[in-house]
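Chemist: Chain residues, written in single-letter form:
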Amino acid sequence: MRHNASILLCGASCALAFSAGAFEKIALIDSFDFITCVDAETKAGTEKIVDHVLLTGADTLLWRNQSGSIVRYPSAEEARPFKEPPIDKRRVPLETIHGWARLDVGETNLIAHAFGYISSLGRRPGIHLTFEENHFAAFTFGGWNLDHPQYWCRTYSGTPSCGRSSFAFDEVMAHKMRLLDELLAMNPDTIYMDFFRSGSWTPALEYVEPVLKAWRERYGSEPVPHDAKDERWLKLVSGYMDRYLRAVKAKLAAKNVRFLVSLVKMDLADRFMWERYAVDWKRLAAEGVFDGLVVESVPPDAKDPYGSTRKVYEYVMRNRGKCDVWFHCNTYDYMPGIPTYCRLTGDKPAEAARRLMELARDVGGQGVILECVDWGNYPPEINKVLNEFR
Amino acid sequence: MRCIVIQSCMMAAVASFAGGFPLEKASCGVFSPDGRSVAFQQEQDGRLAVGVLRLDTGCVEWVEKGPGNAFHPAWTPDGGLVYACGHLTLSAYEARKRNSDEGYNIRLWKNGVKKDLTHGRWRDSTPSVSPDGRTVWFATTRGAARPGLCVQGNNYMYSCPIEGGEATLRRTSPGERSGGGVSQPVQSPDGRFLAWAEVDVCGDVWHIMCARVEDLDRACRLTTTKMPSYAPRWSPDGRRIVFTGCKAGDPGWCVYVMDVYAGTIGRVCEGREGAFSPDGRQIVYETTQGSLVLRPFEADKVPWETLEEESPFRDVSAEKVLWSAENVKPGGPAQPLPEGFNTSAKTLFVRARIAAGNRKIGFEHIFCGSFKEHSHAFQLYFEGKGLPYWATRHSDGTFAGVSVKQLPKDFEGTMTGVRHGDMCIIKVDGQPAATSLAPNGLMQCLGPRTFTVGPVGGEGAASRPFKGRIDKLEIGVGWPSNLPLPPTRKEFFK
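Residue numbers (the numbering used here), protein chains in the order written: chain A, 1 to 390; chain B, 391 to 884.
Among the hints, a few may not be true.
Listed below are the simulated BS3-like cross-link pairs for lysine-lysine, each with C-alpha atoms no more than 25 Å apart in a straight line [to be verified]:
#1 Lys-736/B to Lys-880/B
#2 Lys-455/B to Lys-505/B
#3 Lys-775/B to Lys-857/B
#4 Lys-43/A to Lys-487/B
#5 Lys-322/A to Lys-235/A
#6 Lys-48/A to Lys-487/B
#7 Lys-799/B to Lys-862/B
#8 Lys-736/B to Lys-710/B
#9 Lys-176/A to Lys-249/A
#10 Lys-750/B to Lys-862/B
#11 Lys-719/B to Lys-691/B
#12 Lys-213/A to Lys-616/B
#13 Lys-235/A to Lys-249/A
#14 Lys-229/A to Lys-500/B
#15 Lys-736/B to Lys-229/A
These are calculated hints, taken from the structure and not from any lab test.
Bound-form chain A, shown alone (with noise of 0.2 Å):
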């Protein structure tokens, strides 16, 4: 499926304008972690990292609404600035420059900003979407959730886990649907949600009373698996992210938005999606439920490293469903990215960025994601690799 969405051209900008048909590279971009290298709290710096990050020839510029639950954007839902650290006790406040950041007060939306210079480049903008509440730190932790401690998910032994509201409570899909609203209130051609950055978020944080009840009322007085894994567990939880999912997905749908999301760790035996995070998702790339599949990593097998890569890549193309997909060439590590390959194979950088992009069209993908542009982190001998193929 090739979405094609009204891109906003102007002037001299139209000759770079990403066409359908052509293989498309999708940066994601956190301003935040730009805070030391330009002023990302202003519209000059934002409009500093856009142009930054198109030395990598990137179609589609995808910026991070949030981390954890703090937003880069002025947010009704997630309303500030008093949800600060230290002013809310709650919050442990991190000292680094980036603690002092505040991209979601004052009066400018730099998301939006972003966007319209984005579009005036010829480029589509969009979110990327993290599915994270938390990203390890207390100081990231939402407004919404920590006012509401009643919907906290909890771990089998009764723990709350404050990092993480429950989606099982209709309440937390109700703010989730109006943080969603204020998204796409800036008009993104695309969002993509992205499983990677879960804040710790597995099945086994979701025994709370609601999805215990659901068990009761399946499975009687049959104690509740105290293994996350089991497969009825993952079931019953899968129930509730299946909910989320045809929710995002029939908001996106009515403002013709498209909706990609990841596959994280993917391999053959293919259990990480469903056993980290219930998604079974090629059921519902099948239902259409997606856009879009992004295969944000793949652990290469030592003897074979872009031959075993291939093999799953056609594993997922042959599973894809109503999707296209995306594979990734990542310059980062924390997933398998360009130096695991250069690593194993001998290659130069540049080289496995080839053989990587050439990889993902042999094998009918739609383009590549970058995972993530930051400042410098796409040297030039990769950018020009990057900008070969369009």
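Add chain B to chain A, keeping to what the hints say.
Modeler: Relative to the frame of chain A, chain B by itself:
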């Protein structure tokens, strides 16, 4: 520290509130020592201001009304106020470029005169004053900034003389570098104890801690992992602590009272951030709608229940060393983990007596235990910056780790990592133990189970075997004898 005396030009700014309460958009109310006033913070035009409500007239005197935010007021015994305030005008980038000293700091207001007690680009917060009026306790981020770290947070407990002078570090966050923090240290009316809120790691929940003032590192946890709790304040008789908590089944945050001597707890009402009146018969608190109100407190009407003791240490068994070796050489092949070292045991530990070797320690492993589910199920090591670390993993790979401060280059001593229930604990000689929670709790241990002295492949590939001396390495179950058990509530409040 810079001390500035600021003449109050706002003291005459008085607004009237019909009936006094409720005060809308107000929070953090605290009674004055004479019971005639309540200090509070209130949202005004997108800023927080600190004011004092005179209960007899319903009039408000504004103490700090911008520019910037003022918040977390607390009284001095003689009727002054301390609070946090600051006005941030620069972006983070500009502030760093200009080496700005804009921050949130502690200010004293007394008889209309203001005096900055702290000054610097930190975030000081939740001040309180000792019963003798000489010491200001507060939480702060000073000393917590470390280049290269952008995902963890930390704040520490400090105190400073109310007359001005250097602030002193009183307690660091347990689980240094793990996102822990402290908040709202408050001294008991008799001056013997300090209570505060603490979170040990990102996945932990806020809980109330207590210790004798002279030994804050020997602290006991008063509330359980099942009940997030913060914002403690003592009752005037020192018998009770009012705090904000949420138990399973609660409709949201509630005002709770704990009788620290009886070991009981009772929910007073929905709401947050309660504080007792000087006679103990009223509580001022913030409603769920965000207004400040008063309500009577009648102890005999509180539905008291026995405190679910946070005693993960109640049933500890004595240590039993399962494997031990002296003069261990790091590296070498994997060995089978001893029988019994699995999570059917409540407590597991790895203990190493080491010598650092007068050098800077890098990313180096002392011990790595592997189970079928994960090749790095247990690790006793030093992370990249040389912080001692103890980490365990959930069977799905979820990491739960805890660290303490860097060791001196010439360190010689013992480093112990403990997995006890869902807690990860590290103890290094010369430093207090640090604890974090593994929120996912469950750790399955299926075969094969092996360990190496030093690193193994996979994620640890960048690591190297410990380059110092390992004089003794022990693997065991039960509570390690070199680790003092934390005190209990009963020990403090007999």
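Chemist: State for each hint whether it applies.
Modeler: A quick look at each hint next to the structure:
no. : hint                   : verdict
1   : Lys-736/B to Lys-880/B : holds (23 Å)
2   : Lys-455/B to Lys-505/B : holds (15 Å)
3   : Lys-775/B to Lys-857/B : holds (15 Å)
4   : Lys-43/A to Lys-487/B  : holds (18 Å)
5   : Lys-322/A to Lys-235/A : holds (23 Å)
6   : Lys-48/A to Lys-487/B  : holds (18 Å)
7   : Lys-799/B to Lys-862/B : holds (19 Å)
8   : Lys-736/B to Lys-710/B : holds (12 Å)
9   : Lys-176/A to Lys-249/A : holds (13 Å)
10  : Lys-750/B to Lys-862/B : holds (21 Å)
11  : Lys-719/B to Lys-691/B : violated (65 Å)
12  : Lys-213/A to Lys-616/B : holds (20 Å)
13  : Lys-235/A to Lys-249/A : holds (20 Å)
14  : Lys-229/A to Lys-500/B : violated (60 Å)
15  : Lys-736/B to Lys-229/A : holds (22 Å)
The structure fails to meet hints 11, 14 from the earlier list, while all remaining hints are met.
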